[in-house]
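Just so you know, the protein sequences line up as chains A and B, in that order. Numbered according to the working numbering, the first sequence spans residues 14 to 109. Numbered according to the working numbering, the second sequence spans residues 15 to 153.
One or more hints might be untrue.
[What the hints assert, rightly or not] Simulated coverage check for chain B against chain A, where a stretch passes if three residues somewhere in it have a Cβ under 8 Å from a Cβ of chain A:
no.: 1; region: 15-22
no.: 2; region: 25-36
no.: 3; region: 86-96
no.: 4; region: 142-153
If you are wondering where the hints come from, they were derived from the structure by calculation, not from laboratory data. Beta carbons are placed, not taken as given, at the ideal position from N, Cα and C, and that holds for glycine.
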Amino acid sequence: MIQDPRGVEVRALFAAAEFSRARVLEVGCGDGRLTFRYGSVPDTVIGIEPSADLLVSARTACPANLRGQVTFVQATAPALPFRDSAFDIVLFAKSL
Amino acid sequence: MVDALQEARRTLDANGTLVDLRPAICRPDIEVLTSNQTIVVGAVDDSSAAGDSKAADAAIRRGLAAGWFVSRCNSEFDFEHYWDSVSEMTSYLGSRRHPMFVLPSAAEVQKAYDAMAAANEAVRLRCRWRVMLNFYLLL
Numbered sequence: 014m015i016q017d018p019r020g021v022e023v024r025a026l027f028a029a030a031e032f033s034r035a036r037v038l039e040v041g042c043g044d045g046r047l048t049f050r051y052g053s054v055p056d057t058v059i060g061i062e063p064s065a066d067l068l069v070s071a072r073t074a075c076p077a078n079l080r081g082q083v084t085f086v087q088a089t090a091p092a093l094p095f096r097d098s099a100f101d102i103v104l105f106a107k108s109l
Numbered sequence: 015m016v017d018a019l020q021e022a023r024r025t026l027d028a029n030g031t032l033v034d035l036r037p038a039i040c041r042p043d044i045e046v047l048t049s050n051q052t053i054v055v056g057a058v059d060d061s062s063a064a065g066d067s068k069a070a071d072a073a074i075r076r077g078l079a080a081g082w083f084v085s086r087c088n089s090e091f092d093f094e095h096y097w098d099s100v101s102e103m104t105s106y107l108g109s110r111r112h113p114m115f116v117l118p119s120a121a122e123v124q125k126a127y128d129a130m131a132a133a134n135e136a137v138r139l140r141c142r143w144r145v146m147l148n149f150y151l152l153l
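This is chain B alone, in the form it adopts within the complex:
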């Protein structure tokens, strides 16, 4: 990751901007949504990405300490994912660079989803991931 930052620094023009867009390791809730209800039915275990996230933080700190960049601003926002089925959701989570898992289990979430679907016409699943956005100015 430090190599990546050094390469970014090399290819940036004077006063260029480095943008680090990364999801927080936040164990987001899994919600089932109907037209008039939102119910939390589980959560996503995203902890497999924690090691890389810490390494990225360390690389940034090293770049800042070395005087490559200066922090310009940072913000956070919620990034929403919507799925029409539990299988669509688990397929997506399993395909990530760091596979993620459903808590307490996909079967439990499926039960809750099926119960809502039986009583409602339109049902969706949602996760809201906290995303960190940091901007750095090249020195």
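Excised from the complex, chain A in its bound form:
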């Protein structure tokens, strides 16, 4: 399966918000598909996902060059395990 070969999704994200140097929380990161596409741009990305299986997939598939910036955490949106004011962008990726 090929998804969004022309990169329309990430271009749309970047067109409307400043991801460069941002601290990003991606809610519902799944297997990291979207995360890996934009993850090199922000300062840090934390992807949360309730499914342990999908988290294993995301951590396994994470490109080596993103492992310093991107972290995957098992968590749910109604109870985020982060302090106040921790992020510049909270992205609900098909998860709201």
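Keeping the supplied structure of chain A fixed, place chain B upon it in accordance with the hints.
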């Protein structure tokens, strides 16, 4: 969903941005593509996601009415999926959080796909989902 928005609000820094990226419930066409033709052979029934989508809209409206966020901008785009076989497509659709189904049926789409494949070297399936992208600024 309102809880999720309240948590997002708590963890966002001053002037932070909330991004809501969601597919529209749009019953996208299923197309078979060859090197010189694109033919619609069916559609995807994505209506099982309608309830959650309406609930998400309601949660956003509540957040806006409560003054948590202000709408900053919105856009839409087509998100393309390509598959090499009907079984690959139906497996993907069935694995979604809200399972989706092929219309009129996977068997009918398979017939159309097989007919195209018999006459062409390279054949693929495509769906183009309308995706809504909304940005909100934390107040």
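Next on the checklist: For a quick check of understanding: which of the numbered hints are violated here, in increasing order?
Outcome noted: none
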